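Enquirer: For reference, the chains in residue letters:
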Amino acid sequence: MYMREALAVVLVVVAFGARAATPADTPHLGKAISAEDLAEWNIDILPSGKGLPPGSGDAAEGKKIYRTKCVGCHGLNGEGGLGPPLIGNHPIRGIDEGTIVLAGYLPFSSTLFDEIRRAMPWQSPRSLTNDEVYALCAFILSGNGLIPKDKVLNASNLAEVRMPNRHGFIVRFPKLTPRFDAP
Amino acid sequence: MGMREELQKKAVSRLVPVAGNGLLHRREFLNRALTFATAATASSLVPTRASAEALTEPKWSLVNGGPIPPYQTPSKYASNVVRTLANPYNLPKVSQSRTPLHLLEGTFTPNGVHFTIVHAGIPDIDPAQHRFVIHGLVRQALEWRVEDLLRYPLVSRLAFIECGGNSAPMFSPTPIQANVQALHGLVSCAEWTGVPLSILLEETGIDPRAKWFIAEGADAPHLARSVPLWKAHDDAFIALYQNGEPLMPGNGYPMRLVLPGFEGNMQVKYLRRIKLVDEPMMSYYEAQVYTEPLPNGKAYQFYFINEVKSFITYPSYGFKLPFPGLYQISGLAYSGYGRIRRVEISADGGKSWAKAALDGVPRSKAFTRFRIPWHWNGGPAILQSKAVDEFGNEQPTRARFVAQRGELATVPSLMAFPNHHFNAVMSWGISPKGEIANVYA
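Protein chains in written order, with our numbering: chain Y, 238 to 420; chain B, 330 to 770.
Rather than coming from a laboratory, the hints here were simulated on the basis of the structure. Among these hints, one or two may not hold up.
Think about it this way: if two alpha-carbon atoms lie no more than 20 Å apart in a straight line, the pair counts; the simulated SDA-like pairs of lysine to any residue are [said to hold, decoys possible]:
no.: 1; chain 1: Y; residue 1: K287; chain 2: B; residue 2: E608
no.: 2; chain 1: B; residue 1: K422; chain 2: Y; residue 2: V308
no.: 3; chain 1: Y; residue 1: K306; chain 2: Y; residue 2: S364
no.: 4; chain 1: Y; residue 1: K287; chain 2: B; residue 2: A539
no.: 5; chain 1: B; residue 1: K649; chain 2: B; residue 2: L432
Quantities reported herein were computed from a predicted structural model and do not represent experimental measurements.
Generate the whole structure from the sequences, applying the supplied hints.
Expert: Below you can see the structure in the form of structure tokens.
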């Protein structure tokens, strides 16, 4: 296993060396774009919390939003349906966990915010305000007992929520995977 | 007995098996005296076929034919060569379509039947309004339009694309009786044409702190994955064409990321944004959907590479061998690491093996078609294929694979794929009646 990884890395280096172009070789048709003009698309949230926008929300507000915008796919109480279950945390028991409860499985809370903001609700993605996304995160995390019921989540504390499956993952190809220092 | 049959019997009597249960040397293909039984034209040496009838003019030879359509589609008589759909009514959930690999030949997947998975429907993107940006840990963030990218030096290459969840039904505790399309149809192979990502990164410059890049689509899920930056320097490119024509809407029109050999979901379709970063973003698709739960309660993450794999497409479940005789075993092999070096076939459940012939020169990270002649004596047989790539990676036996990755407790839905990256040796059992079953051997 390590041998083939090492070989693949060697090939990468060889290919890069052979193909490296100098800037003068390329057509230079890209137009410069400012951080301001990129802002609407620059939505990824990293595990460290980098990218979290201003705003805040708690579970009580989150429950109201959930009941109007999320129940259709995720069930009245987050038990899942067409969409994955969100509430009902339990430990991972083996490979039959096809519909593992999201909060019980994700290593980082940042993923919850990122995915809700970029893709939910299914029928109208990007329609939630940042406050609403924080509130939904609080509803899901408190429903799973991972934060107190009255906790207000915001940009400075969301990434600090420790997820129960934080150390549940094994990097499949360590030599092909750049090291990352997760918070 | 006619002269043709006599000649064939003589030819068979000269054949020397190279492995147990009737496997013949791969070069026996070149023996023109042999007639192979195939899916389309079953013929055999025994029993002798009835003599042919007198020829007559068929009706289509007596009238003028139809007009030429601007874009041709297959004959109505080939209307069974289509994808199977997991979500035909576009309910609010993932949609999958599987490629009919058991009805195709060669190594190129026609665009109309290339497998497609979309997580919230196929977006309707106007290429004139599509924008693509690279930013993050770069010297200068840049934006390109489709028309800009078409002015760059384009490259073409073959590449298979395989969903990480392809062959997931093989995790079932008992073999699911289903055809190649249902079991293994989430893989296809095409010639992709586009702009190497490394060229665009030359123009943006790269901050030395960058170790990963995030790729994001313009579809409703805004699907995003983290990719190690070395792949951009290696062979990643932004594809605009698929088998010579603009990308199909289900495969990423107007542009997609192609990461040869990597898990399909990472090869982001409808690509609109690449951001260089120093840590992976842990998107939903890399922190949940495409992780691989293990028997010990942990899970694999960042299973980038689709490892060496092969399966026999003929004979396979759904076909029937009409009578004992000579057949051509055929199938597909590929490896996300590089080229296929060899494929071995067994007709006795892995007790003995013979080398298959490979069509043409195997291409890196692309389908390789293998074939071998087989004389079925009418008794039970178990057909297996085992591929080895240029780095010596070999498909594991099912026993070895399952010991590490586990087996499900209950039979899963054919349409679901909670488990991924199955690449163990697969087996087709042949009964004395010529019926074919998925078996664990």
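Enquirer: It remains to establish, for every hint, whether it holds in the given structure.
Expert: Here is what the structure says about each hint:
Taking the CA atoms of K287 (chain Y) and E608 (chain B), the gap is about 10 Å. The hint holds against a cut of 20 Å. Restraint check for K422 (chain B) and V308 (chain Y): satisfied, since their Cα atoms lie roughly 14 Å apart, inside the 20 Å limit. For the suggested pair K306 (chain Y) and S364 (chain Y), the alpha carbons sit about 11 Å apart, so the restraint of at most 20 Å is met. A distance of roughly 15 Å separates the Cα atoms of K287 (chain Y) and A539 (chain B); the hinted pair therefore holds under the 20 Å criterion.
As the CA atoms of K649 (chain B) and L432 (chain B) are separated by approximately 14 Å, the hinted pair is consistent with the 20 Å bound.
Consistency with the previously given hints is maintained throughout, with no hint failing.
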